[in-house]
Every structure is written in structure tokens, then in C-alpha cells.
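Asks: Next come the chains, spelled out residue by residue.
There are 2 protein chains.
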Amino acid sequence: MEDLKEMGLEKELKERLSTIQPLKKEFFDQAQKRLDQLTKPRGSLGQLEEIAKRYVAIVEEVHPLIRRKIIYTFAGDHGVAAEGVSAYPKDVTPQMVYNFIRGGAAINVLAGHVNAEVVVIDIGVDHVFEPMEGLVGRKVARGTGNIARGPAMSREQALRAISVGWEMADHAKNRKAGLVGTGDMGIGNTTPSSAILAALTGLPVNQVTHRGTGIDDLGLGRKVQTIEKALEINSPNPRDPLDVLAKVGGLEIAGIAGFIIGCAGYRVPVVVDGFISTAGAMIAVALNTRVRDYLFAAHKSVEVGHQFMWEYIGQKPILDLSLRLGEGTGAALAMSVIEASVKVLNEMATFSEAGVSEGKK
Amino acid sequence: MEDLKEMGLEKELKERLSTIQPLKKEFFDQAQKRLDQLTKPRGSLGQLEEIAKRYVAIVEEVHPLIRRKIIYTFAGDHGVAAEGVSAYPKDVTPQMVYNFIRGGAAINVLAGHVNAEVVVIDIGVDHVFEPMEGLVGRKVARGTGNIARGPAMSREQALRAISVGWEMADHAKNRKAGLVGTGDMGIGNTTPSSAILAALTGLPVNQVTHRGTGIDDLGLGRKVQTIEKALEINSPNPRDPLDVLAKVGGLEIAGIAGFIIGCAGYRVPVVVDGFISTAGAMIAVALNTRVRDYLFAAHKSVEVGHQFMWEYIGQKPILDLSLRLGEGTGAALAMSVIEASVKVLNEMATFSEAGVSEGKK
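In order, the protein sequence lines correspond to chains A and B. Residue numbers for the first sequence follow the numbering used here, so the first one is 1 and each next one is one higher. Residue numbers for the second sequence follow the numbering used here, so the first one is 362 and each next one is one higher.
Possibly wrong hints are sitting among the right ones.
What the hints assert, rightly or not - One side only, chain B facing chain A, incomplete, derived with CB under 8 Å:
#1 Lys372
#2 Ser405
#3 Val470
#4 Leu682
#5 Met709
#6 Ala710
#7 Ala715
Stated by the list, open to error - Output of the computed footprint for chain B on chain A, the stretches with three or more beta carbons under 8 Å from beta carbons of chain B:
#8 31 to 44
#9 133 to 139
#10 158 to 165
#11 262 to 272
#12 332 to 342
Because the hints were derived from the structure by calculation, they are not lab data. Virtual Cβ for every residue (Gly too), placed ideally from N, Cα, C.
Based on the sequences and whatever the hints tell you, model everything.
Replies: Here you go:
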């Protein structure tokens, strides 16, 4: 039965990946033409113009309107927290989920600031939540296994967590979200994120591992050793991204990967948040490189490995504010810049409308 | 009479500068204390936390509320445009002022996006505007003199333009603006901005001069020669910032400098936009270094000299989006990040409120 379910999900994954189309040059050209008619020197809005063009090419509309913005924050626990890789106790994962639901966390404040909704998904928290409005209960397991001693998940669990991400992509599509963001919560989750980065790129662990939410030097050394051990014990196959995800990943990371794949298939632009979200994006891009065109890189985190992730994915971070919080906080701030870019396209006057002389071409 | 007026304005300038107080450590400490009680790892919101602390220290309130945001866009013409230093004809300055008033320019779209108002000031456009709602008519002159042949302004004109900035600071204060931004419009105005930068820092002209809104290689060479000539002919005194402003500056740059000085005196935080606005900020800081604490650096422009300006002022740009438009566009986007920082301070739950365990200190 488990095998049959796994086969069904693998089949759906192949189908979802195969629906992702390359972006069409004609939409970039149409957006460029529009931008060059607007009352500003050509190209003078820099990255805003690049964002606007790609947004147009993703949604295939030259005058897109972003009616709704939603951030999906996936929460899961990590067996590897037992190795002392985090400055916080594991209880903080469910405590923070309650905080999200009550509206007291940074993601609530920043999402509210940019007029985005927050959807919180329990995909693998080691705590039984009572049913609560605002919490989507889709627990695949009560946390992952300790990657320093064995695999994080079975392949089937990884696929099930990915399918939770698809369901959230369906959710975004059904609600006609014009822009979505990813977010994460999970004590210890920079450890599997660094492990995924090292596994997929072959970069040395000590070059891609950092302090997470704030461990000290001793803790950092322990974290590097833990990740090295995890890679040695599990020997994930870098040519099989699902294997990497299952062996050294996390449930929320799998959910984020599935969410990104689903959104790319539906042409819903996705803003990828910080280090953990970008680990999920790496898995998605490793499964199909076309995914990268549908992603906006929210920001460059303090985590030293984050820049390598963006290089792997091939997107330039919009913000660089020394954030290292996750939850979707960077995605929220970047969403506002993306929305501003789209408004420029729609709301600015053209040279002829405004009676302004054009400069030398 | 002119002399008497100049003396009166010089006296008021001294008074305004003398009211600017250093920020108090106790407010940074109080804000830090509050930030460390919030449900997030300490320091994990990076630059947002630095911004929030300084905002608190400027307004001297630990729970500040930004009720109103206003961007002041100063427009003026430049005699040096006759030297062919811009890709655009001089007529574009008044044309763009009309565009601002009608709401079709980039600044209207971006200010609207972040819920900021725009005030447009004719401080020196070479065009007679009919009275229009939304345009503040304070023309000091119909543009500056050609700095390649003589001074931009008399010292008295520079002081009058500065006093227009003070009046706008009064305007902001009276309207209880919690955050204001600077903006500029003036064909040819990267030329005096580079000249001010070279004059105040002694940096070679070719290191601080760039393409403005889009001149070609030939134009860039001409621009460098023009600025070198302007500095040679006028020999501005780097120890007398008013002399630099009058001889190689611009009316809108003087207005921005005065506005910044006025706001610093009133403890109104100012977001400084791009290359031209930052030239104005340099003059203000050169007159009193305490001004720098009241400024937020909106962004790092494409103009090569901009980074030297921020180094001189000693503030780190919030955004880096390859903008080169001016008008206050970068200030508008940065205002949203500053407002987000302040909301974090006010709206997030504390560890004890949310029942979340604190990490290792």
C-alpha cells in the first residue's frame, strides 16, 4: 500500500514538473516596450524594471494586477535538534505556531504591513494541535528523524510532504493570488538546509554552515560535525534530489519545494524567503531547472551559505537587510517591491500621454 | 537690502543648525530592550532593528507611530544643461512637474504604493507655472547660472533656496509627518551633484561622475570636462559648504539641504533619496555633522559617486536596486522598510506575552 501511494505521488510529481513551461520572449518584449514608453529615462528603475518584465512573462499578461498576496509558512520539527545545533529548545516550534495564529510574530507584522495574508501549515510539528482557525493541519510525521543517525524521512514521507505543498499551490491558485511567498518555522532547520546545499553542490560543509538563529563558536563546530556525519551516514545521491530531500532534508523544506513546483506549474510567481525556503527552492530547481524562472529571490540572508544557494538557482536577491529570521519575513518585504514594480507598469503615464519630450535613444 | 536679507538668513541658518541635538543613548537602549523581548532570535531582523532603534532615538518615543509620510520633491533648472551634459532637453523639467501634479510619474506611483503624499516645490524651474493645486510656488530664480562659466547662484540665492527647505520642514512638522523623504527634478542636476561631491571630498572628478539619466561615452567625457572647468573657474572653498553650494550647486539641491537641516532640528526622520538628494544631504552634514544621525539612506544608486556620498555621510543604504531616476522614488520604497521596522517594535508579541521559550543569551 505504501509503495502504491509512493508510486502515485512519484507519477504526480513527474506530471507537475512536466507542465512547467519556459517563459516566452514575446512577453518580455511587450513589457519592455511598455516600460520604454513611460515617463522616465530608459532603464532608470533598474531592478524594478527587470522584476516587472519577468512578472509579465510569468503571468502572461502585459497589464497584470496583483489582487491578492499570500505567504505560506510551513512548520516542522527536526530530530537533529537533539544534537544541540540550535540556540533554542524544540518546544519553540509549536510555541511559535501558536504565536503565528494569534498574530504576534514578525511574519504577522510584516505581512500585515504589505497587505499579505499568512497561511500556517503544520506539516510536521512534534506537537498535537487542537483545530484552530488559520492553521492548516497536514502533519506528515511528528518531526523528522535525526539525520546524524539516519535518514530524515522515507522517500514516501518526502513525497507526501511535497504533495502538501501542491495542495497549498492549489489553494493559492483557487484564491487567485497574484503573488505568493514561502516561509518556514522549525527549530534546527538551518542544519538540514546546509546539508542540502552541501549535498547538491559538493561545497565543503564548513563553507555553507553558519550560526542559524544564534549559536556560539562551540555550537557552530558541533553543527558542522553533525552535518558532515549526516552526509557520511546517509550518503544522499546528488543526482536524485528526492533522495537528498528525504535523507538530509526536512518536512517543511519538502512542503516548500512542492509548493514552488505547484506554483510554477500554475504560473503563480513565488517569492522565496531565506535560507530554509531557498533550500526547498534548490530541490525544486534540481528537479526541473525551468522552475527558476518563476522564483523571485526575496533577500540575501546573514547565513553564509545563502549566496551559494542563489548562485545555484540563478536569481539575484532583491533585498540585503541582514535578516536571519525566516517565517517568510524577507518574502513579505520583497513582495512590496515586486508589487511596486508591477504598479509602475500599469499606473505610470507614457511620454505621449504626459506631453513629455523623449531623450536621445 | 539684499545684504540685510542675506545676513538675516545666515543668522537663521546658524540658529537652525544650533538647535540640532545629538541622539541620546538612553533611547537606543530602551529600543534595544524592547527588541530583545520580542518573539524572535536577538538581532535576527538585522537592519530593521538598527533602523527601529535610530528612529526611536530621533523621535524620542519608544512606541512611535508613523501616522503620515510625505515626500518633498524640489524642482529646479540648471544653466549647465546648455553644455550638453544631459540626454534630455531642458524643457523636460517643467513637463515633468506637470506630470507630477497630474499623478503620472514614477514618484506618484511609488509614493501611492507606500501610502505617502507628494509635495512638489518649484524652487527654480525655468518656466512660469500657472497656480496649480499640489504645486508649491517658491521660485528663487529661473534656473541657475552655467557653472562652466560662473557661479550657479549668489550666496544670497543659495540661502533663500535653503529657507524654502526650512519652510517645507515647517510644513512637515505642522502636518505631524512621522517620516519624510526628499526628491528632486532638474535636467542636468547630476552635474552639480558630482561637482559638490568632488569639491567637498577632493576626489577626482572622473571618479565621481557618471552617466546620469543616460548619456553616452562622448557625453560622459564632456560632463567630466564641464565639472573640472566649473571647479577651476569657481574655486569653491571646501571649508565653506555654503560657498560650494552657491558656486557649483543647484536650487533644488539647496532646498533639499535646507529641508534636511530643518527636519533634523524638529526631530523629523528624513529619508534621503538618490544622487542629487544626497548631494544636498552632504551640504547639510558639512554644515553640522550632527545632521547625519537624522538621515536614513534610501538606496545606493547606479551613479558611481553615490557610494562616496554615503561614506562621507556615514549611513548605510537600505536598498540597492540599481535605480537612477530621482524624484524621491528610492525614498518612497525605503520609507516602507522603515515603517515596517517601526511596526515590528510596536506590534510584535513579547516572549512572555506569547508564552515562547527564550534562547540562550
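Asks: Each hint should be assessed against the structure and marked as holding or not.
Replies: Structure-based check of each hint:
Hint on Lys372(B) is violated. Least Cβ distance to chain A is approximately 40 Å, over the 8 Å limit. Proximity of Ser405(B) to chain A holds as hinted, the smallest CB-CB distance being about 4 Å (cut-off 8 Å). Annotation: interface hint on Val470(B) holds; nearest CB of chain A at approximately 5 Å, less than 8 Å. Below 8 Å, beta-carbon pairs count as interface contacts, and Leu682(B) has one with chain A at about 4 Å; its hint therefore holds.
Interface restraint check for Met709(B): the shortest CB-CB distance to chain A comes to about 5 Å, inside 8 Å, so the restraint holds. Taking 8 Å as the C-beta contact cut-off toward chain A, the hint placing Ala710(B) at the interface holds, the least distance being around 3 Å. A least Cβ separation of about 4 Å between Ala715(B) and chain A falls short of the 8 Å threshold, and the interface hint therefore holds. Counting residues of the segment 31 to 44 of chain A whose CB falls under 8 Å from any CB of chain B gives 7; the rule of at least 3 is met.
Only residues whose C-beta sits within less than 8 Å of a C-beta in chain B count toward coverage, and the segment 133 to 139 of chain A has 0 of them, not enough to reach three; the restraint is violated. By the rule of at least three residues with a Cβ nearer than 8 Å to a Cβ of chain B, the coverage given for the segment 158 to 165 of chain A is violated, with 0 such residues. With a threshold of 8 Å between beta carbons, the proposed coverage of the segment 262 to 272 of chain A by chain B is violated, since 0 of its residues qualify and at least three are required. Requiring three or more residues with a Cβ within less than 8 Å of a Cβ of chain B, the coverage given for the segment 332 to 342 of chain A holds, as 5 such residues are present.
Consistency note: the structure conflicts with the earlier hints numbered 1, 9, 10 and 11.
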